[in-house]
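Peer 1: Line by line, the protein sequences are chains A and B. Taking the working numbering, the leading residue of the first sequence gets 1, the next gets one more, and so forth. Taking the working numbering, the leading residue of the second sequence gets 1, the next gets one more, and so forth.
One or more hints might be untrue.
A few chain B positions that, by computed beta-carbon distances, are all more than 12 Å from chain A [to be verified]: (1) Pro12; (2) Val22; (3) Leu26; (4) Gly29; (5) Phe35; (6) Ile63; (7) Ser78; (8) Arg80; (9) Arg83; (10) Val95; (11) Tyr104; (12) Leu143; (13) His148; (14) Arg151; (15) Asn152.
Ranges between beta-carbon positions, derived for each pair [as the list claims (entries may be wrong)]: (16) Arg441(A) <-> Asp14(B): 49 to 57 Å; (17) Thr87(B) <-> Val311(A): 43 to 51 Å; (18) Gln409(A) <-> Asp14(B): 49 to 57 Å.
Just so you know, the hints here were simulated from the structure itself, not pulled from any lab data. Cβ coordinates follow ideal geometry from the N, Cα and C atoms, glycine included.
Here are the chains, one letter per residue:
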Amino acid sequence: MKYQTQKIAYWYFLAAMILFAVQVTGGLIAGWIYVSPNFLSELLPFNIVRMLHTNSLIVWLLLGFFGAAYFLVPEEAEREIYSPKLAYLQLIILLLGTAGVVVTYVFNLFEGNWLLGKEGREFIEQPVWVKLGILVAALIFLFNITMTVLQGRKTAITNVLLLGLWGLSLLWLFAFYNPANLALDKMFWWYIVHLWVEGTWELVMASILAYLLLKLTGVDREIIEKWLYIIVATALFSGILGTGHHYYWIGLPGYWQWIGSVFSSLEVIPFFAMMSFSFVMVWKGKRDHPNKAALLWALGAATVAFFGAGVWGFLHTLHGVNYYTHGTQITAAHGHLAFYGAYVAVNLAIFTYAFPILTNRDPYNQVLNMVSFWLMTGGMAFMTFVLTFAGTVQTHMQRVLGENFMDIQEGLNLFYLMRWGSGLCVVVGAILFIYAQLAPRKEIIASGTTESEGA
Amino acid sequence: MSDQTSVLDELPGDLMIWVLIVSELLVFGAGLLAFLGMRAMDPVGFAADQAQLNRVAGAANTIVLVTSGYCAARAVQSARHMRLWLTGAIVFGVVFLIVKWLEYAEKARLGIGIETSDFFTFYYLLTGFHALHVVAGLAIFGLLMRWHTPRNLEAGTAFWHMVDLIWILLFPIIYLVH
Numbered sequence: 001m002k003y004q005t006q007k008i009a010y011w012y013f014l015a016a017m018i019l020f021a022v023q024v025t026g027g028l029i030a031g032w033i034y035v036s037p038n039f040l041s042e043l044l045p046f047n048i049v050r051m052l053h054t055n056s057l058i059v060w061l062l063l064g065f066f067g068a069a070y071f072l073v074p075e076e077a078e079r080e081i082y083s084p085k086l087a088y089l090q091l092i093i094l095l096l097g098t099a100g101v102v103v104t105y106v107f108n109l110f111e112g113n114w115l116l117g118k119e120g121r122e123f124i125e126q127p128v129w130v131k132l133g134i135l136v137a138a139l140i141f142l143f144n145i146t147m148t149v150l151q152g153r154k155t156a157i158t159n160v161l162l163l164g165l166w167g168l169s170l171l172w173l174f175a176f177y178n179p180a181n182l183a184l185d186k187m188f189w190w191y192i193v194h195l196w197v198e199g200t201w202e203l204v205m206a207s208i209l210a211y212l213l214l215k216l217t218g219v220d221r222e223i224i225e226k227w228l229y230i231i232v233a234t235a236l237f238s239g240i241l242g243t244g245h246h247y248y249w250i251g252l253p254g255y256w257q258w259i260g261s262v263f264s265s266l267e268v269i270p271f272f273a274m275m276s277f278s279f280v281m282v283w284k285g286k287r288d289h290p291n292k293a294a295l296l297w298a299l300g301a302a303t304v305a306f307f308g309a310g311v312w313g314f315l316h317t318l319h320g321v322n323y324y325t326h327g328t329q330i331t332a333a334h335g336h337l338a339f340y341g342a343y344v345a346v347n348l349a350i351f352t353y354a355f356p357i358l359t360n361r362d363p364y365n366q367v368l369n370m371v372s373f374w375l376m377t378g379g380m381a382f383m384t385f386v387l388t389f390a391g392t393v394q395t396h397m398q399r400v401l402g403e404n405f406m407d408i409q410e411g412l413n414l415f416y417l418m419r420w421g422s423g424l425c426v427v428v429g430a431i432l433f434i435y436a437q438l439a440p441r442k443e444i445i446a447s448g449t450t451e452s453e454g455a
Numbered sequence: 001m002s003d004q005t006s007v008l009d010e011l012p013g014d015l016m017i018w019v020l021i022v023s024e025l026l027v028f029g030a031g032l033l034a035f036l037g038m039r040a041m042d043p044v045g046f047a048a049d050q051a052q053l054n055r056v057a058g059a060a061n062t063i064v065l066v067t068s069g070y071c072a073a074r075a076v077q078s079a080r081h082m083r084l085w086l087t088g089a090i091v092f093g094v095v096f097l098i099v100k101w102l103e104y105a106e107k108a109r110l111g112i113g114i115e116t117s118d119f120f121t122f123y124y125l126l127t128g129f130h131a132l133h134v135v136a137g138l139a140i141f142g143l144l145m146r147w148h149t150p151r152n153l154e155a156g157t158a159f160w161h162m163v164d165l166i167w168i169l170l171f172p173i174i175y176l177v178h
């Protein structure tokens, strides 16, 4: 650890991993409710489990991004974080808010209260006080990181990271605007999560990936930066209007079908560029970095993001297709692989890279970590295939033949059972990953021996 | 590193402007392909709507925009009369927008809007997006008047030629081809 304040990242990553465990457990429960719909129906109804599953995902990914910023900005800017105290205050606010959200959701406290009760809008159900807390935390973060960068060296990586983080924080402001008109409500609502995942988060992902590849492959910064700028340009070009693929379905004029279809089709490009970028850098790279697991995660993130966000997104983005598939299990298939590949895996990559450095060790538990990668990635891939098949059957039976929703759901039970199995695989992988980070052991395979023998 | 000097470094202007140009061509290309696809499904309706377009205005605008592109190209070449040529490019660009505005006004008088038919949805989306790029190009020329390094001039003119090129594709496909 070159800079003392990088240690802040440790606590962010730790909190993120705890929420990661909560998230996948929630997913496992929700997946079982699909198989056996009355499971926990009194104690923990499906809608609550789903909120926990999606909300904790978003929060832990954000905690990971914040942590990644605290980890990599000191090295890039070549100076300590402006105020470690503020960074910890920010973390405490976020964790208090998260705890508040969980308690409010599970026990349905303060129903209807404008400040304390949960708000109804999907994914932004958080009570107003938590929303305000997130805003304050984001402002603290922006102040802290911006001050650090302004006083230090400015690199393409920090510029892009800051652009992404400023963008995502400002977009959060739409959480406070809730017009009575339902179409307008939905439109502004999409500005948050959708302009995150199809815009600002892609910038964060690209800059974290660029940082990791810079460190792991030893390729010249100049080349890394050129790629980074191309990725950012294509991401913003396609992503902002690409979110238009939703607008027609929530009540905006018909021409949005075409704008959305054309621009969102191009959203494949930045993801393809990120994948090519990663592999080309490794191919060009001169350095044989000891942290093989981090490299596996970085390459895995770029690859699975291309398939999950790029290919599976394109699969149903054209409006002629989406007319039939909107909101079926096809959407669930895309959502799972895209979030896993793009944002979960890139977070786990930076955790894997950072933990040995933050604890002043050589890379450890790499084999276990890589096993967890294949368990999670394999499980997620299988889940995606299963849900895609389920969605195809559902689309045809329900949307084309016009059969009853619930009748078809029953017919999909076999798919849901297999989905649950693949989910179990992911949960086991997640537990192994967390264990591999937190319980350093002696490496099973001595470093540097296998490769020379193989060659 | 010497092996890193690729063809990309030989592009005039800035690499990023070429990323933008390729992206724009993809968008308009996809839009035109979609237009042609929709026309294949309803040739009669599309022909009837197309007959309502003002071809003379479209042809005049083609000449205007290409002339503007010529001025911009001369501005890159001639350091001495750079501002003069750039002004010429801007003036023709403005003329293009005025003609476009008159066309839109004429359509509005006839009660034709973006939701009138599939043909007019594409007409307004494609020509409207293109007109917005003309506005952007004029803004870039405005900036070039002040910050006119050779590299900037090349980048701005490359953008303007892209706007030209797109119009040369749009005009025959939307206005002329039956």
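Peer 1: Need the list of violated hint numbers for this structure, in ascending order.
Peer 2: Checked against the structure, the hints that fail are numbers 2, 3, 4 and 5, while the rest are satisfied.
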